[in-house]
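Got chain A; can you put chain B on it based on the hints?
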Amino acid sequence: MLLNLTNVVAGYGGSDVLQGVNLAVEDGSITCIVGPNGAGKSTVLRVVSGLLRPRTGEITYNGRSIAGMNPRQILSLGIVQVAQNHSVFPKMTVRENVRLGAFMLSDRALVNRRLEEVEEMFPVVKERANDKAGSLSGGQQRLVEFARCLMLDPQLILLDEPSMGLDPKTLRQVFERVKAMQQGGRTILLVEQNARAGLGISNHGVVMESGRVRLEGSHEDVLSNPEISQLYLGGTISAAPKTSIS
Amino acid sequence: MDLILQAAIIGILTGGVYALMASGLTLTFGVMEIINIGQGALVILGAYLIYVLEQKLHLDLFVGLLITMPLMFGFGLLIEWAFVRPLKRDRIMLSILVTFGVALVIEGLLGLIFTTDLVRLQAWYTTASFQVAGFYLSYIYVFGFLLSVVLLAALYFLIYRTKFGASLRALMENRTAAQLIGIPVERVSAITFGIGVALTAAGGMAFGATNSFNPGSSYDLISRLLVIIVLGGMGSLGGALIASVLMLVIEDVTAVIWSPIWSTTVFFIVLVIVLLVRPQGLFGQVAGRKQ
Chain A
1 MLLNLTNVVA
11 GYGGSDVLQG
21 VNLAVEDGSI
31 TCIVGPNGAG
41 KSTVLRVVSG
51 LLRPRTGEIT
61 YNGRSIAGMN
71 PRQILSLGIV
81 QVAQNHSVFP
91 KMTVRENVRL
101 GAFMLSDRAL
111 VNRRLEEVEE
121 MFPVVKERAN
131 DKAGSLSGGQ
141 QRLVEFARCL
151 MLDPQLILLD
161 EPSMGLDPKT
171 LRQVFERVKA
181 MQQGGRTILL
191 VEQNARAGLG
201 ISNHGVVMES
211 GRVRLEGSHE
221 DVLSNPEISQ
231 LYLGGTISAA
241 PKTSIS
Chain B
1 MDLILQAAII
11 GILTGGVYAL
21 MASGLTLTFG
31 VMEIINIGQG
41 ALVILGAYLI
51 YVLEQKLHLD
61 LFVGLLITMP
71 LMFGFGLLIE
81 WAFVRPLKRD
91 RIMLSILVTF
101 GVALVIEGLL
111 GLIFTTDLVR
121 LQAWYTTASF
131 QVAGFYLSYI
141 YVFGFLLSVV
151 LLAALYFLIY
161 RTKFGASLRA
171 LMENRTAAQL
181 IGIPVERVSA
191 ITFGIGVALT
201 AAGGMAFGAT
211 NSFNPGSSYD
221 LISRLLVIIV
231 LGGMGSLGGA
241 LIASVLMLVI
251 EDVTAVIWSP
261 IWSTTVFFIV
271 LVIVLLVRPQ
281 GLFGQVAGRK
291 Q
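Those protein sequence lines, which keep their order, are chains A and B.
Just so you know, we're using the working numbering here: the first sequence kicks off at 1 and counts up by one.
Just so you know, we're using the working numbering here: the second sequence kicks off at 1 and counts up by one.
Just chain A, with the same shape it has in the complex:
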């Protein structure tokens, strides 16, 4: 496994949002975490990316403990996170945004080479290079965020609700790019409110509720589980202990 979370407890202020999360992400896969609001999905990404320090528990990446590292240390290991809800810098140009993705690199030639590569993968980066990122559509902004995160040539990409605010057509295009990033050899850990769309492109599905992993398995198994539909209709999953479907 590329990434392992074992009994991770984390939260904000006095409360624990994650209450003992166990999660494994296989190298080269797309793993999608779904669950209701407040389940702790985004918090999982925050503890992995170093934005939030876990209170207890272990996080390993490539067999190495990364719990408690800061975001710069995590980035240097090849893990990048694309934050939820438009994380471009709106007053900066598209090219400035993408270049900033390589902030930690000092080799200018390497940065230019990476920029050319992501411009090829994401034509919008070249077409709108000198436009302010805030002037792009929601879908285009997502693609710029993807391009920016690839500037470090990461091994693991954490995506926090990439479908948020997108129309169905744009969502399909964005998810095609997510799939393309995986096919390019990267591992994706995806958090999605749009469970059907997220699980649809994933190899592995994880359902979270109240700070714990309740179900996990292949995406077909998770999608076909009757409890999932109940969950999204406002109910809760009755099986308290973690259930492995696959």
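Keep in mind that the hints were calculated from the coordinates and are not lab data.
Don't be surprised by glycine CBs; every beta carbon is placed ideally from N, CA and C.
Certain hints may be false.
[Stated by the list, open to error] Derived DSBU-like pairs (lysine-lysine); straight-line CA-CA distance at most 35 Å:
(1) B/K56 x A/K91
(2) A/K132 x A/K169
(3) A/K126 x B/K163
[Said to hold, decoys possible] Some chain A residues judged to face chain B by a derived CB distance under 10 Å, without partners named:
(4) V80
(5) F89
(6) M92
(7) C149
(8) D153
[As the list claims (entries may be wrong)] Derived DEER-like restraints, expressed as beta-carbon distance ranges:
(9) B/V149 x A/G138: 51 to 57 Å
(10) B/G74 x A/G138: 42 to 48 Å
(11) A/G134 x B/P70: 32 to 38 Å
(12) A/E127 x B/F268: 35 to 41 Å
(13) A/N112 x B/V150: 30 to 36 Å
(14) B/A133 x A/K126: 48 to 54 Å
(15) A/G134 x B/A133: 41 to 47 Å
(16) A/D27 x B/R85: 34 to 40 Å
(17) A/M121 x B/G165: 23 to 29 Å
(18) A/R172 x B/Y160: 54 to 60 Å
(19) B/F100 x A/S76: 36 to 42 Å
(20) A/D16 x B/V105: 38 to 44 Å
(21) A/N112 x B/R85: 32 to 38 Å
(22) A/N130 x B/T127: 47 to 53 Å
Relative to the frame of chain A, chain B by itself:
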């Protein structure tokens, strides 16, 4: 008419100096989301440092800046590390209290050392003036304005043409996203605070050369600087520049055509009208944009 024009010119020149003092304040707010109430006291501290160099070492006021600006930059780093960095939540509110405390300490120490007697920085150009196109202009106003132009241009270059500047702007626009691309938030914040304080050294020199001052002069200054950054839009450098010039021009012109007693009142009427139309200030962002 000539008097009005002359007042407007003086307003623009003095406004440039206020822009210098306010730019540090608005930059600090934009990057760190804190309000440095101590900015006024730091300006006065900067003025006193130049005063000491002038009195003891007979250094020219502008040459003295080569010493006081790096000194104040270091002092800014120290304040940020000791008092601002530990603030983890309610940063705006707590930063007001903490930096007010810093201001009180600075004021107290300055009072102890220099007493409350008014002093003024002296050089040949603080009293001399020249005539151009029928207007009399004091050298110090022109030199102070030129100093502001040079420093603000340098600040502009730093912010818009360097890697550090890109990280600073990224931090101003989206703190979380900046962290996630590896920008060292604490280091950038500390340097920004240091720059803001270093600029007060220059502002203090220009202020002290055009006004008599004592340790208590900081209160009037900080209230004016806060009004400037609110009018310009919190966190907007361009806004601070425009608002500074607008404030001083309105005050000076009102003083000439009506009465100095009304100059501040008229400016505040303009401020209220602007805020009614644009609550975020002239160039400010609507709250809620940042993450």
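These are the hints, each one checked on the structure:
| no. | hint | result |
| --- | --- | --- |
| 1 | B/K56 x A/K91 | violated, 48 Å |
| 2 | A/K132 x A/K169 | holds, 23 Å |
| 3 | A/K126 x B/K163 | holds, 21 Å |
| 4 | V80 | holds, 7 Å |
| 5 | F89 | holds, 4 Å |
| 6 | M92 | holds, 6 Å |
| 7 | C149 | holds, 8 Å |
| 8 | D153 | violated, 13 Å |
| 9 | B/V149 x A/G138: 51 to 57 Å | violated, 41 Å |
| 10 | B/G74 x A/G138: 42 to 48 Å | holds, 45 Å |
| 11 | A/G134 x B/P70: 32 to 38 Å | holds, 37 Å |
| 12 | A/E127 x B/F268: 35 to 41 Å | violated, 48 Å |
| 13 | A/N112 x B/V150: 30 to 36 Å | holds, 33 Å |
| 14 | B/A133 x A/K126: 48 to 54 Å | holds, 51 Å |
| 15 | A/G134 x B/A133: 41 to 47 Å | holds, 44 Å |
| 16 | A/D27 x B/R85: 34 to 40 Å | holds, 38 Å |
| 17 | A/M121 x B/G165: 23 to 29 Å | holds, 28 Å |
| 18 | A/R172 x B/Y160: 54 to 60 Å | violated, 38 Å |
| 19 | B/F100 x A/S76: 36 to 42 Å | holds, 40 Å |
| 20 | A/D16 x B/V105: 38 to 44 Å | holds, 40 Å |
| 21 | A/N112 x B/R85: 32 to 38 Å | holds, 35 Å |
| 22 | A/N130 x B/T127: 47 to 53 Å | holds, 50 Å |
Of the numbered hints listed earlier, those contradicted by the structure are 1, 8, 9, 12 and 18.
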